[in-house]
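Spelled out from the first residue to the last, the chains are:
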Amino acid sequence: MEIQTQEYKRVAVLSIVGRIDSATSAEFEAALQDIMAKGKRNLILDMSQVEFLSSSGLRVLVTTLKSLRKGGGELCIAQPSQRARDAIDIAGLDVLFKFFDDRESAIASF
Amino acid sequence: MIEAICDAVDSAAAAAGFDERTRYACQLAASEACENIVKHGYGEDASGKIEIRLRASLNDLTIELLDTAPPFNPASPPNATPWSVEDPPVGGLGLLIIHRVMDEVEYERTQGQNRLLMRKHTG
Numbered sequence: 184m185e186i187q188t189q190e191y192k193r194v195a196v197l198s199i200v201g202r203i204d205s206a207t208s209a210e211f212e213a214a215l216q217d218i219m220a221k222g223k224r225n226l227i228l229d230m231s232q233v234e235f236l237s238s239s240g241l242r243v244l245v246t247t248l249k250s251l252r253k254g255g256g257e258l259c260i261a262q263p264s265q266r267a268r269d270a271i272d273i274a275g276l277d278v279l280f281k282f283f284d285d286r287e288s289a290i291a292s293f
Numbered sequence: 004m005i006e007a008i009c010d011a012v013d014s015a016a017a018a019a020g021f022d023e024r025t026r027y028a029c030q031l032a033a034s035e036a037c038e039n040i041v042k043h044g045y046g047e048d049a050s051g052k053i054e055i056r057l058r059a060s061l062n063d064l065t066i067e068l069l070d071t072a073p074p075f076n077p078a079s080p081p082n083a084t085p086w087s088v089e090d091p092p093v094g095g096l097g098l099l100i101i102h103r104v105m106d107e108v109e110y111e112r113t114q115g116q117n118r119l120l121m122r123k124h125t126g
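Residue numbers (the numbering used here), protein chains in the order written: chain P, 184 to 293; chain D, 4 to 126.
Hints listed in this document are in silico derivations from the structure and should not be mistaken for laboratory results.
Treat the hints with caution; some may be incorrect.
Unchecked claim - Distance ranges between label pairs, derived from CB positions:
#1 P:Tyr191 x D:Pro80: 42 to 50 Å
#2 P:Asp277 x D:Met4: 25 to 33 Å
#3 D:Leu61 x P:Asp217: 47 to 55 Å
#4 P:Lys249 x D:Asp106: 47 to 55 Å
#5 D:Ala17 x P:Ser264: 33 to 41 Å
#6 D:Leu69 x P:Glu190: 41 to 49 Å
#7 P:Asp277 x D:Asn62: 23 to 31 Å
Unchecked claim - From the derived model, a few chain P residues whose C-beta atoms are all more than 12 Å from chain D:
#8 Glu185
#9 Ala214
#10 Ser231
#11 Gly256
#12 Glu287
Ideal Cβ positions, reconstructed from N, Cα and C, are used throughout, including at glycine.
Model the full structure from these sequences, guided by the hints.
Okay, here's the thing in structure tokens:
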């Protein structure tokens, strides 16, 4: 798994490439905590290149969302791959997140 | 290890004639079952083994997982307690995925082994 981060004035975009599972979820969580530690309260996850998303990754998504919302922030998901979207839907977590078809519209929403 | 199991499940699901999304869903279920065996069973024991047996026929896939970890029954229905968007669940997602994807989930403890049988039918 690889994570690339781009910081904007009001939001940070994290692009994730590869598998998010029990082997990589700690690294995924650490990347999210790092950006939150910099004071970013609004995050967009570009999940267009996520190849696999297990419950370990879903747990990180949910805990990050809860933490951000507690501080008045938000976590959005941009252009999720079919596989990322299917995992979120199967777990019934689709009602939690705001989804955008592309990064630009996600960034513009803040 | 789990990635290799996913690859094997994908091949068997393809042999069963499943479409790409169903194949992926079966990979997810197998992955969750294996993660549970490691997390709730073997724990820190890195020498623990998981044996996987796959049977495929048209529109039908059976995934059998065998391990010698302490007893853990994933066939019990997941917690169905309603949750709110304000307080979403962070646990139990793996079991939920297994039961939502697979049509049958059976467990037995026999001769010191956990045996988990998961079946998926389509068509």
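Outcome of the hint check:
1. P:Tyr191 x D:Pro80: 42 to 50 Å: holds (44 Å)
2. P:Asp277 x D:Met4: 25 to 33 Å: With a Cβ separation near 29 Å, aspartate 277 of chain P and methionine 4 of chain D satisfy 25 to 33 Å, so the hint holds.
3. D:Leu61 x P:Asp217: 47 to 55 Å: Given range 47 to 55 Å: holds, Cβ gap about 49 Å.
4. P:Lys249 x D:Asp106: 47 to 55 Å: violated (33 Å)
5. D:Ala17 x P:Ser264: 33 to 41 Å: violated (19 Å)
6. D:Leu69 x P:Glu190: 41 to 49 Å: holds (48 Å)
7. P:Asp277 x D:Asn62: 23 to 31 Å: Given a distance of about 27 Å, which is inside 23 to 31 Å, the answer is holds.
8. Glu185: Correct as stated: the minimum Cβ-Cβ distance to chain D is 16 Å, above 12 Å.
9. Ala214: holds (18 Å)
10. Ser231: holds (16 Å)
11. Gly256: Given a closest Cβ separation of 15 Å, the condition holds.
12. Glu287: holds (26 Å)
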